[in-house]
Each structure stands twice: as structure tokens, then as C-alpha cells.
Amino acid sequence: MIAILNSGTGNIKSVKNSLDYLSISNEIVNDLSFFESKYTKLILPGVGSFKSAMSNLKVGKFYSKIVDIKLKKFPILGICLGSQILCNIGFEAGNTKGFGFIDGKVGRINTNLRLPHIGWNNVSITKNHKIFENLEKEFAAYFVHKYCIKVPNENQTYAVTSYEETFPSIVINDNVIGMQFHPEKSQKNGLLLLKNFSELNVS
Amino acid sequence: MSVKKRIIPLLTTIDSRLVKSIKFDKLIDVGDPIKTAKIFNDSDADELILLNIKRNNRTVSDSLKLIDKIAKNCFMPLSVGGGIRSYVDAKNLFNSGADKVIINSATFENKKLIEEISINYGSQSIIVSLDFKKNGNLYDIYSECGTFKQNINMKKYIDEIENIGIGEIFINSIDSDGSMKGFDLNLFNFVSQYTKAPLIGCGGAGNFKHLKDAFLNCNLSAVACGSLFNFGDNNPIRAKNYLSNYNLDFKLVNQ
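If you're matching them up, the sequences are chains P and H in order.
Counting the first sequence from 1 gives a position; this note's numbering is that position plus 710.
Counting the second sequence from 1 gives a position; this note's numbering is that position plus 19.
Zero decoy hints are in this set.
When the alpha-carbon atoms are kept at most 20 Å apart in a straight line, the in silico EDC-like pairs for lysine to aspartate or glutamate are as follows: (1) K215(H) with E875(P); (2) K856(P) with E134(H); (3) K856(P) with E179(H); (4) K856(P) with E135(H); (5) K54(H) with D87(H); (6) K856(P) with E181(H); (7) K856(P) with D178(H); (8) K88(H) with D730(P); (9) K761(P) with E135(H); (10) K905(P) with D63(H); (11) K761(P) with E134(H); (12) K91(H) with D730(P); (13) K110(H) with E134(H); (14) K837(P) with E848(P); (15) K898(P) with D61(H); (16) K898(P) with D63(H); (17) K905(P) with D61(H); (18) K231(H) with D252(H); (19) K57(H) with D730(P).
Think of the hints as simulated: they come from the structure by calculation, not from any bench.
Please construct the entire structure, taking both the sequences and the accompanying hints into account.
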């Protein structure tokens with residue numbers, strides 16, 4: 711069963727709706743204490759700011775539990791802000807340390823175009839992975855963000871997207887996956903990614 | 020390569036029925052919003068906007084019921100508005116499946132509302148809606164479904180709400196609403212110069228050429244269309260096929 715973490719803010723219903731639609735068993739959880747006894751994968755949704763997201767996770771005592779889940783190799787999927795906090799540090803509203811599961815800093819998208827980057831944009835796959843099964847090399851997904859991963863690690867960059875600046879739209883490090891776009895809002899391709907995520911084996 | 024342009028079907032409702040208006044008036048019933056939303060979802064619409072335009076005794080509870088049903092089978096962004104007055108209204112809508120909330124009248128009275136939503140759900144979850152009526156060569160801003168004229172300085176207002184943090188601005192022309200004679204492009208360009216937010220243009224679309232003119236002559240991120248898709252047999256897929264001849268980038272069905 712997949713655990714969708716409710717750390718206090720954000721819209722987690724869409725993630726739940728999409729997994730329900732795919733008949734993938736899932737639960738919204740407010741407590742990760744007994745994660746291993748019931749769940750095999752974790753989804754970190756996220757809206758708000760890097761700073762408030764990390765603060766909520768520390769307040770709710772989720773931080774150390776998530777580190778533990780990562781070390782035990784359970785697949786973790788971070789969505790949007792949830793993917794950004796997987797990185798080393800975020801520069802939104804001051805400097806905030808992230809989990810450091812993914813190499814990279816999170817800063818404002820370098821562009822003269824209007825922000826947020828909102829709407830459908832192309833995701834171009836740069837490295838193969840099981841999670842891309844049955845997906846085209848380039849597909850459209852729904853983005854809504856002002857910040858992106860900077861100075862990424864090429865080995866952890868699996869797909870890129872451009873909004874004047876080219877940034878990683880999918881990052882993967884072993885059992886940790888981050889998607890800058892919203893798969894639960896990206897129709898067929900997004901649902902396919904979620905389905906593939908649900909079928910990943912614990913490495 | 021950049022973000023694609025969006026064509027957003029607009030569902031205006033009163034008491035759980037889909038309605039069409041002309042100049043925010045002369046309302047007629049044009050169907051069932053849930054069935055209509057499903058058709059748009061099945062044809063991979065970019066997003067959906069649901070607006071409750073009931074005049075009297077409007078609460079968000081009608082929207083909550085609709086959104087709850089629509090969101091279960093809708094895997095693109097859903098924006099909901101109409102009568103949002105409090106943070107609790109917004110929170111309930113998000114909990115029912117809305118991705119973005121559209122706020123109009125309440126923002127004039129209470130900027131703290133959008134501040135609170137922004138802090139908890141992110142600024143990108145807020146669309147501030149502005150309704151305009153022509154006044155000679157200029158435009159007046161109206162709230163309360165076009166019944167109350169706001170005497171505010173638009174630049175100052177937009178600066179204030181952008182400082183608090185918003186996602187997009189939805190521009191609606193009351194004069195062109197429901198006319199199906201074309202958008203008010205001057206209006207879009209007028210507002211555009213005062214804001215850095217992505218813009219959704221609305222009011223008056225009647226054929227695909229209107230959409231082409233809007234995208235080619237205005238800096239719009241998206242257009243929202245009510246009558247074009249709900250009062251006739253046009254659909255976003257055919258619109259995109261037409262527009263693809265003009266070097267405009269859209270999410271296509273097979274993507």
C-alpha cells in the first residue's frame with residue numbers, strides 16, 4: 711500500500727483520487743511511526759514554500775522517519791515542492807536545508823517569462839528507467855512552480871523541461887524519485903507514471 | 020520550447036445546472052455540468068474552470084458537491100470560484116478536489132484572505148478574477164457578479180495582490196460575455212501591462228479565429244471559453260487543430 715503523507719498543508723486529495731482511479735491501494739497518513747508495518751511506498755506531495763514544507767515536516771516529527779524510510783530503500787516519490795525538498799538546500803524565503811537525497815539546490819527559475827511557470831510543457835526523458843515503461847521519450851505534463859532544481863547531478867537527472875531555463879523535471883537517486891510537475895494532474899501520462907511507480911520493487 | 024498555450028472550458032453554474040449568460044445576464048440552462056465535465060475530461064481538456072454565478076444566497080456548498088463528483092474522474096487541473104468569502108470556503112474546496120480557487124469580490128474587501136490561502140496552499144493556487152465594463156476609452160472594474168462598481172486604482176490593486184502572492188489573473192469582459200462575437204483584446208492588453216502574472220482571457224469567444232486573434236495579439240497564457248464549447252458543438256480538440264496552423268503550441272491529444 712502507498713502512503714500519501716499529509717504534513718499539514720496542500721491538496722493531497724488529487725493524489726488520492728488518481729491512485730483510487732488506478733485501483734492502487736493507498737492511504738493518506740498523518741503519522742509515519744509504523745510505516746513499515748503497513749506501507750511499501752511513500753508519496754510526498756507539496757505545495758507552499760520550501761521553508762514551510764520543511765518546517766511542517768520537522769514539527770510533525772516526519773523528518774527523521776522519512777530519512778529512515780529512505781535508508782531502508784522504500785520507494786519515495788516527491789511531487790512538485792515534494793521533489794524540491796529532496797535536494798540539499800532551498801533558497802525560497804531564506805536558506806533552508808532539504809533532505810539531501812538528491813544533489814542540487816532549489817532556486818527561482820531564471821527567466822523573463824511570467825511566473826509561475828504554469829501549464830503544460832514538454833518533459834524530455836534523458837536516461838532510461840523502469841518508471842518510464844510505455845511512455846514516449848517526450849510527453850506533456852502539467853507544471854506550476856516558480857522554483858526549480860539548479861546545478862543538478864547529471865547522473866540523477868532523468869528528464870528535463872525548458873522554460874527559458876532548462877531544469878530537471880524528473881530526478882532519481884536509487885529509491886528516491888522527484889517529479890517537478892504534477893503527475894496526478896497530467897492525465898494519461900501522469901497516471902502511467904504513477905502506475906509505474908506503484909509497481910517498482912524495493913531495491 | 021516553452022510552456023504551451025491553454026484552452027480552458029469554462030463551466031458557469033447556478034444551482035447545479037450549467038448556464039449561459041450574456042453580459043452577465045439573460046441566463047439560460049445549457050445542461051448538466053457533471054456530464055459536461057466528463058466529456059471534457061475524456062477529450063483531454065487542458066484544465067477546467069467551474070464558476071458558481073448564482074446571484075442571491077450564494078454559498079460554496081453547490082460548488083463543493085459538484086467538485087467532489089467531478090474531481091474523482093478528472094486528472095487535469097480544476098479551478099473553482101464563485102462566492103468564496105473565507106479561508107474555510109477555500110479550504111473546503113481544496114479538500115473536495117479543487118486545485119486552484121478563483122476569487123473576485125472578496126479580495127477587494129479582505130486581502131488577508133488571499134494571504135492566508137497563499138501561505139497554506141501556495142500562491143499558485145490562487146486565481147484573482149477581474150470583471151470589466153467599458154467606460155468610454157477606459158474600463159471600470161465591477162464585483163458581485165457585475166453589479167457593484169469598484170472605484171479602485173487598478174495598478175495599485177494589482178501591485179498589492181502580487182506582493183501578497185497570487186498565481187494567475189483571470190480577465191473577463193462583461194460587455195463581450197456570451198456575445199460570441201470575439202474577445203475584447205484591448206482589455207487584455209490594457210491589463211497585461213500592469214501585471215507580471217500569467218493571464219487567462221475570457222468573454223466573447225464564438226469561433227476559433229477569436230482564439231487565434233487573442234493568442235497572436237495579446238500576451239495570454241490561456242483563454243477560457245464558455246459559450247464556444249457549451250452552446251454549440253465546438254470542442255477544444257477542433258480548436259487546437261485549427262490553431263496549430265498558426266505556429267501556436269498546445270498539448271495535443273496523443274501527448
